[in-house]
Every structure is written in structure tokens, then in C-alpha cells.
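Trainee: Given next are the chains, with one letter for each unit.
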Amino acid sequence: MGQGRGGVMSEMMYWEALRRAHDEELANDPMVIVMGEDIGVAGGTYKATSGLYKKYGEARVIDTPISENGYTGLGIGASFLGVRPIIEIMSVNFAWLAMDQIFNTAAKVRYMSGGQLEAPVVIRSPGGTAHQLGSQHSARMEKVFMGIAGLRVVTPSSPRQAYGMLKSAVRCNDPVFINEHELMYNMKGEVPDEEYFHPLEGSEVVRPGRDVTLFGYNISVHWCLQAADELAKFGIEAEVVDLFALSPLDRAGIRDSVSRTHRAVIVEEAEPAVGVGAEVMAIINEECFFELDAAPVRVSALNVPIPYNHGLEKAALPNPQDVVVAVRKMFDV
Amino acid sequence: MKDADKKRLLREMLFARRFEERCYEAYVERNIGGFLHLYPGEEACAFGVLEAARVGHDYVITSYRDHVHAIKSGSDPKEVMAELFAKETGVSKGRGGSMHIFDVKHRFMGGYALVGGPFPLAAGIAKGIQMQGGDEICICFLGDAANNQGTFHESLNMAKLWNLPVLYVCENNLYGIGTRIDRSTAVLDQYKRVSGYNIPSAQEDGQDVELVYKAATRAIRHVRSGKGPYFLELMTYRYRGHSMSDSNAYRAKKEERMWSGRDPVIMLRDRLIKDGKLTLNEFKEMDTEVLDEIENEVIRFAAESPEPDVAEVEKYVLAENDPWVRGGVAS
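Protein chains in written order, with my numbering: chain A, 37 to 369; chain B, 4 to 334.
It should be emphasised that the hints constitute simulated quantities derived from the structure, not laboratory data.
Bear in mind that the values here come from a model prediction, so they are computed numbers and not experimental data.
Among the hints, erroneous ones may be present.
Pairs of lysine to aspartate or glutamate, EDC-like flavour, derived with a Cα cap of 16 Å [said to hold, decoys possible]:
{"id": "1", "chain 1": "B", "residue 1": "K108", "chain 2": "A", "residue 2": "E154"}
{"id": "2", "chain 1": "B", "residue 1": "K318", "chain 2": "A", "residue 2": "E154"}
{"id": "3", "chain 1": "B", "residue 1": "K163", "chain 2": "A", "residue 2": "D99"}
{"id": "4", "chain 1": "B", "residue 1": "K10", "chain 2": "B", "residue 2": "E307"}
{"id": "5", "chain 1": "B", "residue 1": "K9", "chain 2": "B", "residue 2": "E323"}
Please put together the full structure from these sequences, using the hints given.
Mentor: See below:
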């Protein structure tokens, strides 16, 4: 299968794309199960598993107790015997509680067993800030996951990716963390009608340009696209690259784009320290430092817990205008 | 239990004792690195339970004190020692070490170094068994102190809720690292703690391998018959500190003497002698044989085996050439 382009497409929402992927994978393989809080009878907080409890039964679409480390570990243990669990953690903030099993077991078991065991689990969870959810429901944790050897991290920016990545992740023999976003479940987009598997490695040029590369992932791809439209008014042709795979990051893709545009801005919703921006900058240094015409810049959140007050919340987060300002400063226009 | 089985078990337990004592020496000789947690004193737990199980058919999972459980599950002691010596011929190819013995062909699903980590993994293995529809069970050995982790409660709850075929064996050696159980744990009888999850449980003398075998036989019958999880607490004692880096200064000599008077190997030996099935000389011969096998076969194999190739340091991080990473193939 290619990139799912050229064939017949249908518009659907992000959650519908996820639901379709769940449904197809449950139908394809009797060892696929789905686990999580409220994912069965209630159909999932974001409806990603709606109707599947009735269709596949309680042994395969499993409402778990609120025991994140416990049910994640249970899914990992089941995966040792060939079960393919899709574990939904309702909010990435709760995934902190499952870090022990994700990091200490899923990510390391292949290595420390000398290749005897593997943990082919998929863990899906929405991160990001939504609307006034406060400090403990607004975490952006991708930077934590992407630093762990043995774990794949992807983050779909569209319904097409959400559908195709979940399907590939279920079949891949590595543990895959899928970082979703609370604000994106109702986003609409084209998804191929025929079955489609999206790569779990690489990046995608979603808008070609010659003057500067805007690197985004997940929701920030959309901020980059908005910024690129605005920058065109100033005569700046920005290229937008979607880093849909955060671990491993696409070194070649980053190098290729920066070698074309000679300038880079990385846009991340998270705090800057030890993040995607820091990592992409390091890769640019290592891969194509002498191609640069300007120092790379990152547009990030402020280094604060996310506030409840709407004005403060907005102030803590980056937005498309911040990207425009950063690029205009780079070009001095 | 038949006399022949008792004599075989005695030899197996003696072998485990001598194996672990030799590990101690190898650690002092710096042939074994990292952390080393030894099992002497607790042998009747692993041997009594696994004698009642179907090793190689049932799944076994445990903590970092894992050498003996692997050997009783069917692992070649040479490959376990080679793992401790960090060799390519080790069960985990020298990537795991003492705390991470894995031997999946014998369904020994590993040693894990986070206290309480295997509780949910065992429940998950049991979920896998349930989905495959076989009559295997999963047996999870952990210490008493692991019961103070959240995973204990989370896993017992789910195991009962979903009627999973898992036997949790609590090797209660009275210490969590260096802290005595009454200083860390509000309820001393661990088998009582599971009543909150409506899981049947029992407490047994963990030094008498025959009693352990009988209790485990009942427990395993319960789990294998589809009645869900079971929790078996075995009262035992480890002779050495928690690990080699433990000075073991926190225990009273009187307490240690009391437990050494209930040594599981010696108790079985003396019972066989009393019953006229074994002589002390025969036992000494057995011991000589065991020591000889450990030195001339086990240690020799480990010492002479090659180290892993440094060029392969990045192997086993991720699956090799997994097609789905690139978007798979047409289905």
C-alpha cells in the first residue's frame, strides 16, 4: 500500500478514523483486544471504540478498573503470549502512573531477554492542552516517551494518519505509543476507503517551500500550515514538515528539508526543555550544520504548569502567530 | 510423594543450594557483576510449588531472585551461570544478568527487577492463556514486600474480576530488603490481605518441601480447574542479605540460628535418613557429585564461553525488518 493517496477517499472525523481502525483490526485477528477505562459499554471518552463492545464482546473490548499501571502491565503480559492489546489511557496525564510497566517492561523486555520476548502492545493516549483543564489534565508527554530506547512513538496529525498508524501499530512487533490530542478528535479529513497502513517511521512534507522549514507534529502541524499561509503574504515560502514519528525521528527527512531551505523553526506545544525542538536542533547540528543560513529557532510553550484561567492558559502556549513572528524575525521583515 | 521423587528433589534442592553458594564465590571473584540476589534458605518454596506444576507447560514468572526458579522450570544450569558470567551463551545472551533470567522455551517468562512488577504481567499471561483456551496456568513467585506495591492490589482485583488462571506464590521471608515485615506492613499474615479481593488463599510452612508440594497441589488444582486465581503464602527465610551489597546487619543472630535449624535441604535429608531411605554417606556422595558437576560442567561452561560481540550492542532494541514500520504490505 502506498500513502493512501490516489484512491477513493471519504471524509471522516479523527475519532471515526480511530474507530474504523479498531474495528478492522479486531475483525482481522481474534488475538487483538482493546483495554481501557470506559472504552467498552461507554464506547470511550472520545468514542474511538464506540459500538465495539457490543460487536466483539467483553472478553475483547475490556472496561478496566482505574488502575493504569496494572492494566497496562496486564496488556504487556498478555502480549508475551501473542495477544495484540490496544490499550487506551484516557489522558496522557494518567500515563505517568503506567510508566513503570511501559518503560521498565514493554520497552526493555526484548533487549534484556536477548530477543526471546517482545511486547507488541499499542498504547494510545491523548495529550495536549484542551480548554481550561488545569495543570493535571494538560500534560504534553511526548518528549518523555521519545527518550526511551525500545519504544516507538508516533503522533498522528490527521484522521488519515490516525487510522493508518493505529493499524500498523497493532501489527508491528514493537511497543508503540500513539500520542493523540484532546482537541483533534472532531477534526475532519480524508481517509482512504480501502485498507491503509501508515508508516511508523519517517516524516512528510505537507507543504513544500524553499525559504524556511517549519517542523511540526500532531496539532502543531496545523499551526505551521496557518503560519505558512500568513508568511506567504510577506513573500516567505515556508516548507512544512510533519514529524509524525517522534521515535525514531527521521534524521534523513530533517536533513533533506533543511538542506533545501537552509532555515528551520520547530514548533511544539510542550515546554522547550528536553523536547522535540531540542532534539530536532541537535539532529540539524549533527546532520547539516553547514547548510544553515540562520540559527534554528524553536517555538514552544512557557515552562509553567498549565493554568486554569483562560487568558493565562493562552499565554502559556504557543500559537500560529508566534511562528509567524519567529520567522519574520529570522528574515528581518 | 514417592521416595524416589523425594530423593530426586533432595538432589535438586542441594544442587540449587550449591549453585547459589558458588554464585556467591563467583561474585567475590568478580566473575559475576551487578546485583546478585541469592536463594539459599528458600529452596522448598520454588521446588515444592513447581514439583506440583507442569513445568514447561505452565508459565512461571518471578522477581530478581530468579536463578533457582528458572532451573526448576527446565533451564540448563550451565546457561543460567553463563548468563551470570555475562556470556553470549547465557539464557538471555548476556544482556539480562542475574535479575533478568529468561528462558521462554521452558515457559520461564523472566525475572524482573522492579519489586511488584510481575504481578500484572502474570495476570496478563493468564489472560493470554484464557484467550488461547489451553489448560496452562501462570505461576508468579514474589516476596512479601512486593505486596506493598500498588500492582499487588491492582492485579489481584483484575485477576479475580476476570477469573484469570494465575497462582500467586508469596515467598514470605520476613524482610523487604533490610526492613522487617512488622516495620513495613500493617497486616503480617499476607494470605489474609487477599481476602479483600475474594481470592482463596492459604499459608504454609515454606521450609518443608512436602508441605509446600501438598499446598501447591491444592492451589494448582483450583486454578487449573477454571476457578480463577489463588494466593499461596509460604513462610520462609533467606540466609543471606537481600543482595550481595547488603551487610545483613539488621537481623538478630538468634533469629538466624532459629531458621537455620529449619533448613529445607537438611529437613528433607534427615527425614529420608530417618525413614531408612538414605544414609548420611549417600548424602555426602550426592553432595560431592553436585559440587563436581557445578565446578566441572557449570562453572567451566560459563568461564569458557565467549562474551557477546560488541558490534551487536544495538541488537534486540526493536524488531528487525518489521514490515509494518514502513506501512506494511498489501493485505
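Trainee: Report the numbers of all earlier hints that the structure fails to satisfy, in ascending order.
Mentor: Structure breaks hints 4 and 5.
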